[in-house]
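Protein chains in written order, with this note's numbering: chain D, 1 to 261; chain P, 1001 to 1165.
Everything labelled a hint here was simulated from the structure, so no lab data went into it.
A quick note: this is a predicted structure, and the numbers were derived from the prediction, not measured.
Accuracy of the hints is not assured; some may be wrong.
Said to hold, decoys possible - A few chain D residues facing chain P, derived, Cβ under 8 Å: (1) P9; (2) L11; (3) A20; (4) S25; (5) A39; (6) L47.
Using N, Cα and C, we set each Cβ at its ideal position, and we do this for glycine too.
Listed here are the chains, written in short residue letters.
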Amino acid sequence: MARRGAERPGLIDWMVLGAAVLLASLFLMADASGRLHAARFLRQTLLRPYRVVLGYHGCPPDPWNEVRRLRLELAERSLDRARLEEMERENGRLRDLLDFRAQDLRLLAPALVVGRGSDRFGEVVALARPEGATILPGQTVIGLGGLVGAVLDADGREVRVRTVRNGALRVSGMLEESRCVGLLRWRAAEGIATLEGIALDVEVKEGEGVVTSGYGRVFPKGVPIGTVVGVADDSTALARSVRVRLGEDLDRLEEVFLIED
Amino acid sequence: MLFYLRYLVGSFLVLLVEGTVFARLAIAGIRPDLSLAVAVMAGFGGSVRGGVVIGFLIGLLRDCADPERMGLETLLLSLVGFAAGCTSAMINRAHPIMQGAVIALLLLAHDFVRCLAVTSFALGEALLLWLRYSPGSAVYTAVVAAAAMMILPRLWPLGERRAFS
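My request is simple: use the sequences and hints to build the entire structure.
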């Protein structure tokens, strides 16, 4: 077939095109329910002979919606995975707590840490009041790693605890091996505690455990406090200060126990 | 009238084949758009208005299968049929390669507008979607349509130039 010049559409052609565009635009401008009704009507009337093929055809592939659906599913799965991982971590912590609790002979009431005091040094923390437990001021609070502090006060739903960082809390500690007793003091600037009043002739080893002495009946005897990380020697002093790393990380408290004496 | 009757039957068969045979012959998720090829061939074989009418009908069928964007395919395929009719006299429309080339170009244009519509005119997303599917689909459709035109010349005569004689 030879080439010819471009065929210009005639008036009829333009009118037919205009009618087609107008009809299509009417469908496009209709709302969702209108479009559905129109599709259903056309399938049942004008396009009835094509119902067989429409059944095979189904919906045309819509990769955009498929991508959106997959993105949404991916986001949901990522969220589920994050929740699952958090649950696994909590599970591990709770298992550790259960094992810890089974070894201890004292009565322990578990409590969740729900807040911290407005001070910057973690001197006071708030716990959710455990149900059925007797809460008394001065009650010992411990964590997995060791001593946390003592109950300051309690109201209907919350228990406030003064931690070992609090200068008002006097903790008497004892070196596990030498059985030498000193007074624990928190050094906020260094982030470490010191056990003061240790005699100069006492042999102190690094890694040695420090526990509560039971002196003054403030805390029960034998509650772990931390471990020795160094000795501050001052030859002019009459006694030594022993540097102690606390066993419980007070910045990452989540669950604690109240000792019910 | 014979022209329209032929294309009505033809579109029925093409939609049937597209929904059954070619649904299983997708390559990396890309399928040929044979119903668009029918609209183009209607514009080639009949007249401009013949292409518009057949394109409108096929677009309406596709929209009835997917009512969410009803009217879009009707509009696009009407324009495709119109464009095919307008360009049919400029090329050697009996040559399968020319037929395939025109089908491919019109399919690319059709798909671009469709991608813009489905992505709510987000140009970047539309381009990505278009690049992912359209070039492959254009090639696949052009090859299948050109092969069909070589094998089935009696069913798709290009000698008629007017739908209303």
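Now the hints, each set against the structure:
1. P9: This hint holds: P9 of chain D lies near chain P, its Cβ roughly 5 Å from the closest one there, short of 8 Å.
2. L11: violated, 10 Å
3. A20: Since the shortest Cβ distance to chain P is 4 Å, the answer is holds.
4. S25: holds, 7 Å
5. A39: holds, 4 Å
6. L47: It holds, given that the least Cβ distance between L47 of chain D and chain P is near 6 Å, below 8 Å.
When held up to the earlier numbered hints, the structure conflicts with hint 2 and nothing else.
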